Amino acid sequence: EVYLVESGGDLVHPGGSLRLSCAASGITFSDFGMNWVRQAPGKGLEWLSYISGRSTTIYYADSIKGRFTISRDNGKKSLYLQMNSLRDDDTAVYYCATNDDTGWNFFDPWGQGTLVIVSS
Amino acid sequence: DIQMTQSPSSLSASVGDRVNITCRTSQSISNYLNWYQQKPGKAPNLLIYGVSSLQGGVPSRFSGSGSWTDFTLTISSLQVEDLATYYCQQTYNFPRTFGPGTKVEIK
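Protein chains in written order, with the working numbering: chain A, 1227 to 1346; chain B, 1369 to 1475.
A hint or two may mislead.
Straight-line alpha carbon distances no greater than 27 Å define the calculated DSS-like cross-link-like pairs of lysine-lysine that follow [claimed, not checked]:
#, chain 1, residue 1, chain 2, residue 2
1, A, K1269, B, K1407
2, B, K1410, A, K1303
3, A, K1302, A, K1291
4, B, K1407, B, K1475
5, A, K1303, A, K1291
6, A, K1291, B, K1475
7, A, K1269, A, K1291
8, B, K1471, A, K1291
9, B, K1471, B, K1407
10, B, K1410, B, K1475
11, B, K1410, B, K1471
12, A, K1269, B, K1471
Listed next, the stretches of chain B that the computed footprint assigns to chain A, with coverage defined by at least 3 CB atoms under 8 Å from CB atoms of chain A [unchecked claim]:
#, stretch
13, 1390 to 1398
14, 1441 to 1448
Examples of chain B residues lying across from chain A (beta carbon under 8 Å, computed) [unchecked claim]:
#, residue
15, N1402
16, P1412
17, L1414
18, A1452
19, Y1455
Calculated directly from the structure, the hints in this document are not laboratory data.
Please read all numbers here as calculations on a predicted model, not as lab measurements.
Even glycine gets a Cβ: it sits at the ideal position worked out from N, Cα and C.
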């Protein structure tokens, strides 16, 4: 069974930086694209970024472009999200999710999420 | 970007009721429409992909239908454990987008 475990969430001041990690097990990690999705308190789901299995293709949502960077280390079966210039509205639970690479591109499974709070 | 709308935004139904949730997209997305269930305090869970394909382990009371820009998630007989928020998602192109969600409550 595939498991994803996020870590790195914390309380950070506006303008600060944070690096989130997502550790995968139960899959050949390099075979799958990965996504980051966030959910602000009481709000819906917002897709943030996608990275392909070999890191050759990367996409970002406009809301984070230029501030956040997605990366992965296939040897460590880990996905990362480097978050810079954090703002109050980046406060959210951040999820990583495996991308279906058979064609439909659905997200399954998801990790349990890690909470980022941006506040002074 | 493809805009997603869902209706209703919330509903309250009794156990055993048939429930329909509608998702509409701002342009045709072929069949690249997925549905997720998010129970309170939990991560989202995939229910249906490709409009109508049931993910393994998902109860058969869940079904999906639709085409072009109009899609429907149906719960044929609502159960207590279906208390959740349901999201549609398009994976036709980037940026991936989600609907705003439909909160299902049990009467």
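If any of the earlier hints don't hold here, list their numbers in rising order.
The structure conflicts with hints 6, 8, 13, 14 and 18, although it agrees with all the remaining ones.
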